[in-house]
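Visitor: Now for the letters of each chain:
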Amino acid sequence: MAKTAADWNAPPKFPASHYVDSRIYTDQQIFAEEMDKLFKPSWIIACHESEIVNAFDYRLFTHPTGVPLILVRGDDMKVRSFYNICPHRGNTILYDPAGNAKRMTCIFHQWSFDARGNCIDISRAEQGYQDRFCKEDAGLREVKCDIGFGGFVWVNLDDSCAPLKDYIGGAMDILSPYMVEPMEVFHFNRAIVETNYKLWHDTNSEFYHDFVHYFNRITGMMQPGYYERKYTAFPNGHATVGSMNIQYDKYEGSKERSVGWPGLAPGGWYMVDLFPGMTYNLRTSVLRIDTAIPLGPNKVAIEFRGLGLKSDTPQQRAQRIFDHNTIWGPFGRNLHEDLLAVHGQGRAMREGTDSRYVIHGREENSTIHDEVGMRHFYAEWSRRMGRAAYDPMREGRREPARAAA
Amino acid sequence: MERSQIEELVYRSCLALDDRDFKGFLALCDAAFRYKVTVYSPEIRKEMVWLDHDRAGMETLFTNLPRHNSDHAPLVRHATVYTVKMNGTSAEVVSALQVFRTQLDGGATELFGVARLIDTVKLDGGAPKLASRVVRMETRQLGFGSHIPF
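Order-wise, the sequence lines are chains A and B.
Mind the numbering: the first sequence is residues 1 to 405 in this note's numbering, read in order.
Mind the numbering: the second sequence is residues 406 to 555 in this note's numbering, read in order.
Don't read these hints as lab results, they were simulated from the structure.
Remember, it's a predicted structure, so these values are computed and weren't measured experimentally.
Note that CB positions come from ideal geometry on N, CA and C, so glycine has one too.
It cannot be assumed that every hint is accurate.
Unchecked claim - Okay, derived cross-link-like pairs now, DSS-like style, lysine-lysine, Cα gap no bigger than 27 Å in a straight line:
#	chain 1	residue 1	chain 2	residue 2
1	A	K78	B	K441
2	A	K250	B	K428
3	A	K310	B	K441
4	B	K451	A	K102
5	A	K165	A	K144
6	A	K78	A	K250
7	A	K255	B	K428
8	B	K441	A	K255
9	A	K310	B	K428
10	A	K250	B	K441
Stated by the list, open to error - Far from chain A, by Cβ distances over 10 Å, these chain B residues were calculated:
#	residue
11	E407
12	K490
13	Q503
14	K534
Assemble the whole structure, with the sequences as input and the hints as a guide.
Guide: Listed below in structure tokens is the structure:
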């Protein structure tokens with residue numbers, strides 16, 4: 001039965017933990033709070049160690065809060081992170097997204113910095129500053145940085161944050177056996193979509209949307225073991241998805257993947273969703289990493305990385321790239337469908353459309369079409385935000401304890 | 406073989422893809438046709454391959470399209486043949502390519518991507534045929550992407 005306005009605006013007939021108010025996707029104030037309460041104190045993947053192999057290799061990363069960062073490997077081979085902001089006149093220090101810079105020199109007034117964040121040269125310092133200001137006063141702002149969980153470089157803007165391993169907890173245990181060999185990035189691209197970042201993370205946190213993917217229906221949903229895949233929730237809003245044996249040869253023109261992954265069963269596929277917007281996706285022969293970088297309530301940049309093993313032969317690497325591109329490349333079968341779907345959500349839920357609620361009501365004993373992954377995320381979101389996702393405009397109202405059930 | 410025949414082959418290949426006439430596109434291709442999309446990433450400082458198919462792979466890609474959920478906004482390819490270097494039985498052709506996407510609702514057109522087409526054209530048959538095409542992408546940010554290659 002179609003709904004009247006009153007019906008439409010009435011909360012869904014589910015427990016409050018099983019739906020969210022769509023204003024969490026559109027409200028500017030909530031978005032600003034998310035940057036401060038969720039992203040600023042969280043560990044975020046900035047790049048992979050294979051992108052900065054040599055001393056003085058650097059990589060730029062725009063943190064979800066908007067802070068421009070430099071990731072640089074020092075002369076001691078340690079990776080550090082600094083604001084890409086000159087402490088003199090606030091200019092950008094490094095412009096190219098990656099490179100090698102023994103000295104990081106601001107083009108504006110030629111102040112130079114080393115890979116440990118020290119200022120090593122101020123042009124005409126004595127003439128201008130006499131003894132009032134010197135190099136020691138002009139260091140770069142350093143940001144917490146750690147490498148882990150497959151060689152990824154993580155950053156945290158909060159100087160008093162808990163260690164990375166504490167933030168991740170046991171969420172990566174399911175993937176740890178497969179993260180032993182050194183890996184290498186072979187694919188990077190960034191998609192900007194007019195949708196909320198949480199809607200992208202939702203897509204990675206529920207498999208009910210496999211209905212949008214012909215490839216996944218044929219190779220997964222219609223195959224044995226699919227409905228036994230289970231979600232497991234972890235502290236801090238993380239969740240994992242168990243594996244199955246994907247039947248790649250069921251898709252026309254496709255075949256069983258000839259290159260596997262050390263220790264992973266043929267056709268295996270594990271996923272780990274990390275709060276507030278990162279996903280590890282190890283699918284048979286390729287690891288894909290998504291990092292969501294919100295640009296506004298209804299705009300997100302998603303950085304996609306594809307990784308193989310550093311020890312790959314050229315033939316193995318070519319096969320991994322082929323496997324990756326078939327479904328996950330910018331012209332791949334699945335990525336376009338996922339992005340199109342969240343674009344559609346952004347279009348329907350943007351401010352002013354009178355969208356009201358989004359239902360996360362499926363309960364199937366935490367198996368693959370259960371929406372517990374999203375419920376778990378929004379329970380953590382509500383806890384950190386001090387707002388209930390189902391009633392976000394009433395501050396201080398928290399999600400009920402059963403949220404993650 | 407006249408240069409104009411080779412240029413027309415490039416332009417007809419674009420028209421066929423614009424019209425989603427995939428059979429027509431493949432009819433312009435040699436049996437040993439190979440199609441690749443490549444791009445350099447300044448972020449990871451690596452050459453990337455975004456698509457790599459032989460003729461059978463392209464046929465499968467096209468055949469499977471109706472089974473997938475795709476954006477239906479039409480793409481229009483605007484190519485300009487820059488150079489044609491004939492070498493007996495084949496020619497190396499370099500063209501500039503701009504791809505525009507027109508929204509179905511309202512008809513607004515936006516630039517979707519720019520690339521260079523690097524074609525090898527077979528000349529030893531009756532008509533020139535595409536032996537290979539490398540789409541050398543410049544654009545790396547494609548929004549929600551596309552199921553139909555350039």
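Visitor: For each hint, tell me whether it holds in the structure or not.
Guide: Checked hints:
1. The suggested pairing of K78(A) with K441(B) is violated, with an alpha-carbon distance near 38 Å, which exceeds 27 Å.
2. The suggested pairing of K250(A) with K428(B) holds, with an alpha-carbon distance near 24 Å, which does not exceed 27 Å.
3. For the given pair, K310(A) sits about 24 Å from K441(B) by alpha-carbon distance, which is consistent with the 27 Å threshold.
4. With a CA separation close to 21 Å, the supplied pair K451(B) and K102(A) stays within the 27 Å bound.
5. With a C-alpha separation of about 13 Å, the suggested pair K165(A) and K144(A) falls inside the 27 Å cut-off, and the hint holds.
6. Restraint check for K78(A) and K250(A): not satisfied, since their Cα atoms lie roughly 46 Å apart, outside the 27 Å limit.
7. Under the criterion of a C-alpha separation no larger than 27 Å, the hint pairing K255(A) with K428(B) is consistent with the structure, at around 24 Å.
8. With a C-alpha separation of about 20 Å, the suggested pair K441(B) and K255(A) falls inside the 27 Å cut-off, and the hint holds.
9. This hinted pair does not check out: K310(A) and K428(B) have alpha carbons roughly 40 Å apart, beyond 27 Å.
10. Among the hinted pairs, K250(A) with K441(B) is consistent with the structure: their alpha-carbon atoms are about 24 Å apart, no more than 27 Å.
11. With a closest Cβ-Cβ approach of about 33 Å to chain A, E407(B) is found to remain outside the 10 Å limit, as its non-interface label requires.
12. The Cβ of K490(B) lies farther than 10 Å from every Cβ of chain A, with a closest approach of about 28 Å, so its non-interface assignment holds.
13. In this structure Q503(B) is separated from chain A by more than 10 Å, as the shortest Cβ-Cβ distance comes to about 17 Å.
14. Chain A leaves K534(B) outside its interface by the beta-carbon criterion, the shortest separation being 22 Å against a cut-off of 10 Å.
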